Amino acid sequence: MSNPEVIVVTSGKGGVGKTTTTANVGTGLAKLGKKVCLIDTDIGLRNLDVVMGLENRIVYNLVDVVDGNCRVKQALIRDKRNPGLYLMPSAQTKDKSAVSPGQMIKVIEHLKEQFDYVLLDCPAGIEQGFQNAIAGADRALVVTTPEVSAIRDADRIIGLLEANGFKQIDLLINRLRTDMVKRGDMMSASDVVDILAIPLIGIVPDDESVVISTNQGEPLVGNDSPAGRAYANVVRRVLGEEVPFLNFERGISFWTRVTGIFHKV
Amino acid sequence: MRRFFRRKSSREVARDRLKILLISDRVNCSPEMMEMIKLDIAKVISKYMKIDSANMEIQINTKGKGSRGKTPTLYANIPILDLHK
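Protein sequence lines correspond, in order, to chains Z and V.
Residues 1 to 265 (this note's numbering) are what the first sequence spells out, left to right.
Residues 266 to 350 (this note's numbering) are what the second sequence spells out, left to right.
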């Protein structure tokens, strides 16, 4: 493969949408014909398999690969729908010290031979799990929500990524609520970008369909929901396309108006 | 009228709190260390001129748009009592 990209999805704070973002961006890239491998690096608390709906197919995991219990290929689970998409699950029973940054780099080097994109779902925190996840990556996607605590942690993470030599760090703002922004009760996307001062790669609105898609174990990228459309745009921007940002102020009210009409009919 | 007297929205409160919080997070410099730097600067300048060390101030700023990636700068405000000691 020519020039594969290794992207770490990280945030510092837990629960802001790293795993959802990894699942959706990875699935979106695969839908566009890319060969994509997702790696869950959260050892001990794996979740990406559940969000992808692949939890029943796990035989081997990342720690098995590192320990030499299996070959890299044996630990890769093929996605249900998208032929170019694979998941390397994490171990549920070990802890973060089961893998070292050097071992991660080795696994990733191997995967780069077969994939266009390797996406790493990073655990929360800045300890060894984080160090493992960023070790083999050359690009980062920082996920935050428009809240003080999440933004503070994102700032810390960006500092650490810069100190580790990352040249490309992009920001994804998750769970934005336009109605609250309008009322003056939530920071806007531009407030967040102003404070964190890194390029914006996407704004994903707070959307019920994310919960529904996680319930079903099917990423929603590309479907006709606000979050599905937002993630589709993120994917195109990851590929380097210039995609104008959806105007959520108009977008959402328009959307509710349309669904409102349908409900009446 | 209410617009003039309205309280800050929680959005503005969050933004202002974060800005202040991140300055100290980014600089990662303890108040004790700042005090030591201040005393040392006062000592050096005092060799050449008479300064009002009680009223001097130092701070580290990360100025410039967005402030990220910009070199943090140390600002010192030192009142001079007598230029020629």
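Bear in mind the hints are in silico, worked out from the structure with no lab data behind them.
Given the structure is predicted, the values throughout are model-derived calculations rather than measurements.
Just so it is clear, CB atoms sit at the ideal spot from N, CA and C, and this is done for glycine as well.
Take these hints with a grain of salt, some might be off.
[Unchecked claim] If you want a taste of the chain V side facing chain Z, the calculated C-beta under 7 Å gives, among others:
#1 Arg276
#2 Ala279
#3 Arg280
#4 Leu283
#5 Leu286
#6 Ser289
#7 Asn320
#8 Ile323
Do the hints match the structure? See the list:
Nearest Cβ of chain Z to the Cβ of Arg276 of chain V: about 5 Å, under the 7 Å cut. The hint holds. Given the 7 Å rule on beta carbons, the hint for Ala279 of chain V holds: about 5 Å separates it from the nearest Cβ of chain Z. This hint holds: Arg280 of chain V has a C-beta 5 Å from the nearest C-beta of chain Z, less than the 7 Å allowed. Annotation: interface hint on Leu283 of chain V holds; nearest CB of chain Z at approximately 6 Å, less than 7 Å.
The closest approach between the C-beta of Leu286 of chain V and any C-beta of chain Z is roughly 6 Å, which is under the 7 Å cut-off, so the hint is satisfied. Nearest Cβ of chain Z to the Cβ of Ser289 of chain V: about 11 Å, over the 7 Å cut. The hint is violated. Given the 7 Å rule on beta carbons, the hint for Asn320 of chain V is violated: about 33 Å separates it from the nearest Cβ of chain Z. Hint status for Ile323 of chain V: violated, given a least beta-carbon distance of 23 Å to chain Z, over 7 Å.
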